[in-house]
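Asks: Residue numbers (the working numbering), protein chains in the order written: chain A, 1 to 258; chain B, 259 to 590; chain C, 591 to 876.
Derived by calculation from the structure, the hints in this document are not laboratory data.
There could be a bad hint or two in this list.
Stated by the list, open to error - Mimicking EDC-like on lysine to aspartate or glutamate, the simulated pairs with C-alpha atoms at most 20 Å apart in a straight line are:
(1) A/K62 - A/E4
(2) B/K419 - B/D561
(3) C/K682 - B/E539
(4) A/K62 - A/E73
(5) C/K682 - A/E73
(6) B/K419 - B/D288
(7) B/K419 - B/E404
(8) C/K682 - B/D561
(9) C/K682 - C/E625
Unchecked claim - Taking beta-carbon pairs under 7 Å as the criterion, some of the chain C residues facing chain B (in silico):
(10) N685
(11) V696
(12) A699
(13) I775
All residues carry an ideal CB built from backbone N, CA and C; glycine is no exception.
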Amino acid sequence: MLLELRGVSRRFGGLVAVADLSMGVSPGTVHGLIGPNGAGKSTVFNLISGVLPPSSGDIHFKGERISGLGPAEICRRGIARTFQATTVFSEYTVLQNLMVAGQPRSNDGTLAALVCSARYRRGEIDAHSRARALLAPFRLDSVADRVVGTLPHRDQKALSVGMALATGAEMLLLDEPLAGLAAQETRDVMDLLRTLRRRGLTVLLVEHDMRAVMDLCDRITVLDHGTRIAEGTPTEVQANPAVVEAYLGAAVGSEAGG
Amino acid sequence: MAPRHAAISPLLALGLLALAGVILPLVTGDSYYLDVATTIVMNLLLTMSLRMQISTGQLNMAHISFMGIGAYTSALLAMRAGLSFWLTLWVGALVAAAFAVPIGAIALRLTGPYYFLITFAFSEVARLIFNNFFVGLLGGPSGLVEIPPPGPLLSVAFTGKLELYCLMLGLFLLGAAILVRLEYSRFGLAAGAIRQGELLSATLGVDVLRYKLTAFVLGSAMAGIAGAFFAHSHRVLHSSDFGLEPMVQLVIFTVIGGVGSIWGPVIGTVLMTVASELMRELRHYETLVFGLVLILTMLFLPDGLVSVPSRLVRALARTRARRGAIGVDVAT
Amino acid sequence: MSLSLLVQALLNGFGLAMAYVLVALGLTLIFSILEIINFAHGEFYMVGGFVAYLAFGVWGLPYLVALLGAIICVAAAGVIAERLVFRHLRGKTLNAFIVSLGLLWVMQAAAQLVFGVQDKSVPSPFSGIVRFSGVVISVERLAVTLAAAALIVALYAFLEHTRTGRAMRATAQDADAAALLGVNIEAVSALGFGVGCGLAGASGALLAPLFSVSPSMGALPVVKAFIIIIIGGMGSLPGAVLGGLLLGALEGVGTLFFSSAAVNLLGFLMVIAVLLLRPRGLLGGT
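Isolated chain A (complex conformation) (with noise of 0.2 Å):
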């Protein structure tokens, strides 16, 4: 397992978000997390990544306990996420963005950009090609030099991704990527995360989209009110009569929109 949540729990107050979750993810799949709304799945997401820090129980990454770490650190071990509302760095060029997340992690640069080091130009010279070779898969070079305020919606989701990417992650985090794109814009996202997969890269997602989840997930975890119902392969997890009545009438096979 690359990553693995055990007994996780996360309480707000009198509300329990996620309860008692244990579930893990394989390396080089691409493993989806379902439910209905408010199921815990963007909490999940926020406690793998560090921005909230479980109320009970563990999580481990590559046999290594990142439960209680910051985001920056949980990034540079090696998982990177998207959010649900595409975010941005609006007032940044696609460049820009694609700079930052690609930051090498030495240090945060100051005496080295100072004295101008060798190590630091070369340095440079390296997250600015990495970020132009991002541009094309995600159908960004077009508009590398813009302001990405400017720039449409889908344009600035596909960013989002790449900038997960650019931070030389092994596993990410995906927040509905699906959301709100057309057929064969939805066809590019899944191709490109197939090819994700074949390059070795773990992909844990949240999507409302089912035929997407079911045609490319390897394993499925499905949540309802913050606690495991089912796992296991898109065909398991279909059958199961529990995940259809969590659903109740948004029936497996169709697109339900986010």
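Here the structure of chain A is known, so what remains is to put chains B and C in place on it, guided by the hints.
Replies: Coordinates of chains B and C only, in the frame set by chain A:
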């Protein structure tokens, strides 16, 4: 290869600034206006370093206190230990930075208005200490007097207005060069990212606390330098020099100019100081007008004066587009 | 040290603190509704003091009329300030700070132009002292304390038992949710600002006979108010009362042993400690 876009090459802008600084004494002569110019240049160092901190998303109300720490340190070392200004200047900066490390580490556990309030509390603690405690050392409510001027350097005496102005100009250009270099480097890129989205930056691996602390300590060191200069050029120190009023003035200069650009504080400081001088005769009316300027600027130019050129450009582009749409022949 | 001396010190501290609590309540109410820190708040206190000076000291109207007049005038000024200026700055700390500074300067300069810089004394509407078990308190101070307490109770009643008041509390808790429930956020913001300023004005009018009025009289109370609401919890009204009582106790007793500068220092150190250990204050919410 700068990762940030700049309207004018930053090196060019810095060069122009240096040129303007060098020419200025020829215009003002050895008059009162040279003193004003010296104060402006000192404030430029203070506001540009404050702006650097603001660019990482922190409004540090204790900036002036670090100026005070640099000032008192340098003055006392010169008066009590007989050390040369040319040494105490840097010791003052180091001591300010040394205090900034623990204070910054504590204050930066908070954000937004809470950070603002805790730094304000620290600044009041500092001011009260300067004014009422260690009276034998710091001078108490009467302040510290008879601080020696800088000693001669390379057989040039530094007691006259012109020499002091050149000294401050040199210190400022050094500080500005450092700030410009940082702004257009990985540091500036990350700082802007933090300002635009702290959580997003953190989840992308940016060590937010470390950047903020670096900005805090570096800014405090620069304030310490300004303080040491102030002590030895002014020759008198009083706790009110490092209280809320001068701090507020710095904030106003910085924000009115515009915090989005590294040159914002330059515009803000110069224009506001000049305006203040011009209106000096009007006393209460001056305060009234300044208050109105503040209110109106924040309501209509929330990005500061430095955004005026780009706003004009955009307004012109809109008029052109409209004209083009109506079918009027627009020859470009 | 005798008990009566301690009680005397506490009473002295409390008496003043109650008036500062009014200022603090206004400040925290404004913060909770509009999410901005109004640095000009002390100037509304000052205007209240001047209205009392004019109405009671110069024109000879009954003190109660002067007090009510101060509250109404300052509340109206607050509503105007909110409509013209602050409504655009919801949640924008930096810009709101600058704007409130500008307003501070405008108000102070205007007061200086109209009244001059000198302190003006206001006659005391009450005379005499009250004695009980070795403790002495002037009737004036007692009246201030009681009036402040009455206003606090009135505020509580307004917020708990009137529809407008409840709408204000809902907005303070969660503006978006309140809007969804049909609360007119704009009206509530304006009214809240007015009420907050009115409280400050009341405090200025109450303290005018004790301390004389001047254009710069707002500086000290506003700093005290900030200390109070940080300790009590920003946005918490009971917190403001508790913070005021604690500060009053600290200052009353502290000045028995330490210099006033040391007591001030202690106040700010308390602020730092609270911000670090319990940033939401003693009674603050999330």
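Asks: Regarding the pair B/K419 and B/D288, is the alpha-carbon distance no greater than 20 Å?
Replies: The given pair, whose Cα atoms are some 7 Å apart, holds under the 20 Å limit.
Asks: Within 20 Å, alpha carbon to alpha carbon, are B/K419 and B/D561?
Replies: Distance of about 36 Å is beyond 20 Å: violated.
Asks: What's the verdict on C/K682 and B/D561, does the C-alpha distance respect the 20 Å limit or exceed it?
Replies: Between C/K682 and B/D561 the Cα gap is close to 12 Å, so the pair holds against 20 Å.
Asks: Given the hinted pair C/K682 and B/E539, is their Cα-Cα distance within 20 Å?
Replies: Violated, because 34 Å separates the two Cα atoms, which is more than 20 Å.
Asks: Measure nothing beyond the straight line between the CA atoms of C/K682 and A/E73; if it is 20 Å or shorter, mark the hint as holding.
Replies: 30 Å, violated
Asks: Between C/K682 and C/E625, does the CA-CA distance stay at or below 20 Å?
Replies: Satisfied, since the Cα-Cα distance of roughly 8 Å is no more than 20 Å.
Asks: With a cut-off of 7 Å, does the beta carbon of C/A699 approach a beta carbon of chain B closely enough for the hint to hold?
Replies: 4 Å, holds
Asks: Minimum Cβ distance from C/V696 to chain B below 7 Å?
Replies: This interface hint holds because 4 Å falls under the 7 Å limit.
Asks: Less than 7 Å between beta-carbons is the criterion; does C/N685 satisfy it with respect to chain B?
Replies: Holds - the Cβ of C/N685 comes within 7 Å of chain B, reaching about 5 Å at its closest.
Asks: Using the nearest Cβ pair, does C/I775 come within less than 7 Å of chain B?
Replies: 19 Å, violated
Asks: Within a Cα-Cα threshold of 20 Å, do A/K62 and A/E4 meet the stated pairing?
Replies: 9 Å, holds
Asks: Please verify whether B/K419 and B/E404 have alpha carbons no more than 20 Å apart.
Replies: 17 Å, holds
The earlier numbered hints that this structure contradicts are 2, 3, 5, 13.
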